[in-house]
Every structure is written in C-alpha cells, then in structure tokens.
Amino acid sequence: MTDHAAAEDWFRRYVVAWDSNDPDDIRGLFTEDAVYRAWPGDPEPWIGHDGIVAGWLAHADEPDDHEFEHRLLAVDGDVAIARCVTRYLDSPPVVYDNLFVVRLTDDGRATEFTDWVIKRDPDTAA
Amino acid sequence: MSAPDARRSGTDEGTVQNWMDGYRCAWESNAPDDIRAIFTEDAVYRGRPGQPAWTGHAEIVAGWLEHADEPGSTTFAWETLAREGDLAVVRCVTTYPRGPKQGTYDNMWVIEFAPDGRAREFTDWWIPRPTGPAAL
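One line per chain: the protein sequences are A and B, in this order. Under the numbering used here, the residue at position 99 of the first sequence is numbered 99, and the numbers go up by one with no gaps. Under the numbering used here, the residue at position 85 of the second sequence is numbered 85, and the numbers go up by one with no gaps.
Hints may be right or wrong, so weigh each one.
[Stated by the list, open to error] If you want the footprint, here are the derived chain B segments under chain A, 3+ residues with CB under 8 Å:
hint: 1; segment: 47-56
hint: 2; segment: 73-83
[Said to hold, decoys possible] What follows is a set of in silico ranges between Cβ atoms, one per label pair, in the way DEER data are often shown:
hint: 3; chain 1: B; residue 1: A31; chain 2: A; residue 2: D50; range: 51 to 57 Å
hint: 4; chain 1: A; residue 1: E67; chain 2: B; residue 2: P130; range: 25 to 31 Å
hint: 5; chain 1: A; residue 1: L72; chain 2: B; residue 2: Q51; range: 19 to 25 Å
Treat the hints as calculated values from the structure; they're not laboratory data. Beta carbons are placed, not taken as given, at the ideal position from N, Cα and C, and that holds for glycine.
Bound conformation, chain B alone (with noise of 0.2 Å):
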C-alpha cells in the first residue's frame, strides 16, 4: 500500500485528545459553554445507541445538565482504538466509586468529527461491568 496512512487523514490523534480533554473538562464543570464548545450547532449526541438522540446545543446542554455527574464523582480512562476519516472509537472505562451510578462502566464511545474538531455525531456504548477492577 503506498500511503498507508492516507484514510487517516480526516482525523488525527490530535484532535481525538483534544475533544477527550474538551469532554472530560466539560464534564467536570458542567459548563454550558464547555459543553458547547466540543459539538457543533446542530450535532447528534446519543446517550444509547437505539435511542432518541439530543440534537443541537440546546437539547444537548439540556440533557447534560439534567443527567449531570458531580465533579470529582468518576475516574475515567481511554485510548483510541480506530481512525478512518471522519470517525473515531474511542475505548474508555468509567468508574464511580460511589453513589446512585456506583460501579464499573466499559464505554465505546464512536465520534464523528467536523473539520474544525468538534463532533458532529457522538455515541456512548456503555455497559455496566458485574465486578473487578477498573482496567482497559
């Protein structure tokens, strides 16, 4: 293959830890503007695949806000699995060593980018893991 590389071009590991960064702050501040910072006016942000999806910053903002976690209430850690063009999965796990949420959550979270980096489409596959230590 002569540019193995090329169907990477739409999205580079930059902008994958950029908007983690920018995803990660906003769910810490809960900040209308942090949220609105990462999604581009009339993105798509699905909480559950198969189910009706936030769309646009407003309803975004919205549902964020009603579905907040308190800052300090998770751990989180990710790592990039997959890049072609526009897209990104993203492999995380997510811990809330306490309250209402409390447990282990395995995400995959698939991204899809605007060129200026912010997402357009964004889905959470979240599963509850039984038991055992928070690990990728």
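Chain A extracted, bound-state conformation (with noise of 0.2 Å):
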C-alpha cells in the first residue's frame, strides 16, 4: 500500500537518480529483483539492480539537456500513476508524453516501472 507523499518522494528521488546518474540513487529507487520497462511492449526489461544500473548509464541524459515535469493522476494500492512530459532542449526540442506506472513497496522502493512513452508529433501537438 503507498500513498500520495510516498509516491512524491519516489518522483522526486527519480528525478535526483536522472540527474546525478549515480548508481547509488539509481539503486535506492529500486528493490534488488526489480524490473524496469522502458516502454510497456519492452522484450528486454532491465531486471534487478545491476541490470537497471546498467541500462540506465547506457541511456543516461545530462543534467541539462531536458526538463521534466510530472503530475500524480492516481494512487491505489501499490499503484501510483504519474502524467509526465519530457523535453530534450535540442534544436528544434523533442517532446514525449509518459505516463509512469510504478509499483512501491512500503519502504518506498519500485518492484515496477513502466515508462508509456509516447513521441509527440510537432506538427499535430495540441
């Protein structure tokens, strides 16, 4: 069972993990058998601590090269959902919509992440 200020504070901790790409904070989000997802069709989810440490710096953004911003549309359960959007400030900048699906432990760590993302289209965008 989470709540919306544990699920603030993993967001959060989320955010300091994209940031400073230590594995230290990248693990802190995570349990040790963990699965991340990095889209929900994803074949090959990264599994476990070394695994997302691993993916993660493979993939890793600079702390200046996008801006984020989440907003938490549920929490039930272990569930916590978040409406997210990602900009990389890249010239014209690139847009995705997520949603976040996250599964918390009561310590306020992710058994699950799933990231729905989605391109968005600049010619279309609302």
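Fit chain to chain and form the complex, with the hints in mind.
Listed below in structure tokens is the structure:
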C-alpha cells in the first residue's frame, strides 16, 4: 500500500537519479529484483539492480539536456501513476508524453516501473 | 489509515465495468447513440496524448466514425489498474488479427468520470507491440 506522499518522494528521488546518474541513487529507487520497462512492450526489460544500473547508464541523459514535469494521476494499492512530459532541449526540441506506472513497496522502492512513452508529433501537437 | 477506501468513493469498479462494456459495445456497433451514451455532452476525447482532442458529442461521433473499426475486427482484454477520485486507469491489450492495423497494441486508458458514470475526459495511450502473444 502506498500513498501520495510516498509516491511524490519516489518521483523526487527519480529526478535526482536522472540528474546525477549515480549508481547509489539509481539503486535506491528499486528493489533488488525490480523490473524496469522502457516501454510497455519492452521485450528486454532491465532486471535487478545490476541490470537497471547498466541500462540506465547506457542511456544516461545530462542534467541540463532536458526538462521534466510530472503530475500524480492516481495512487491505488501499490500502484502510482503519473502524467509526465519530457522535453529534450534540442533544436528543435523533442517532446515526449509519458505515463509513468510504478509499483511501490512499503519502504518506498519500486518493484516495477514502466514508462509509457509516446513521442509528440510536432506537426499536430496540442 | 481509518478509511482506506474513502479516496475511491468517486468511482467504483461497477462504474468502470459499465463504461468499458459501453465502450466495447460502441466499438462494435459504431452506432452514434452508443457512442454518445458513454460521454458527457462536453467530453474531451484524446486518441493519443499530446494531440488535439475531439470535444463534445458531435466531434467525438464524427472522429469515431472516421476511424471506425469493422465489427469483429478486434479482440480486447482489460483490467482496472487504479481508481482514485473521478479517475480510473485501465490497462488494455488490443489485437487486430488482420487488416491495416494488424498487430497487438498495449493500451492504457485514462478515464475521468462524471457523477452519472459517463466519461468527461478520455485519453488512449496506445503503443504497438512488435511481436508476441496478446496477454495482460
């Protein structure tokens, strides 16, 4: 069972790890056997601390190459879902709409994370 | 926590079930009355996040019919992932066995309900699956 405060704290720590790319920060977000899906149909999710840290670092962003905003949509049982927007500050910017789906333990770590990521079409964006 | 279910008071599972049944019925019939029945008059329908929405019954029916699937062209499975307040988030898998959309799609539906059980906002997050069986 998680709650808004625990979910918000997880997202705060996720952003810290996104910016630091520090393995300790990354590991602190996940249980030892957690599953990280970069998208829902991901055939090769990152599994466990080693898999997640390796995958994360292989795809690491720089702290100043993007902007991220999130809004918690729903917290129910162990699931927290947030509506997010990620803007990579390229020229022109590349924008992704994200739905982050996280299952949290009572100690505030994720057992499962899935990024429902959809690239925004710049020609038809709302 | 004294009332762990209080935050769910806005939307119960029966509301979600009825609405999903109604959506599936409209998906198969493409009847304007079936489509209108599941949305408030001023509802906002996003076929994809971050894209312009269809707003109101007239736009939703027109958009729906423009993108209509033939009856029987899909198999569909779903389960409620989360409910809080007026919101439900529903995890779905849609399979088109043949035709121009052939393949399996992972969907997350974000539905905001009006008190009468119709949707006032709907967004379909859909992502094609490259291969593999259709399973939740």
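How the hints compare with the structure:
A count of 6 residues in the segment 47-56 of chain B with a Cβ less than 8 Å from any Cβ of chain A is obtained; the coverage claim is therefore met, three being the minimum. Requiring three or more residues with a Cβ within less than 8 Å of a Cβ of chain A, the coverage given for the segment 73-83 of chain B holds, as 3 such residues are present. Between A31 of chain B and D50 of chain A the CB atoms are about 54 Å apart, so this pair conforms to the stated range of 51 to 57 Å. As the Cβ distance of E67 of chain A to P130 of chain B is approximately 30 Å, the hint placing it in 25 to 31 Å holds.
Between L72 of chain A and Q51 of chain B the C-beta distance comes to about 22 Å, which sits within the given range of 19 to 25 Å.
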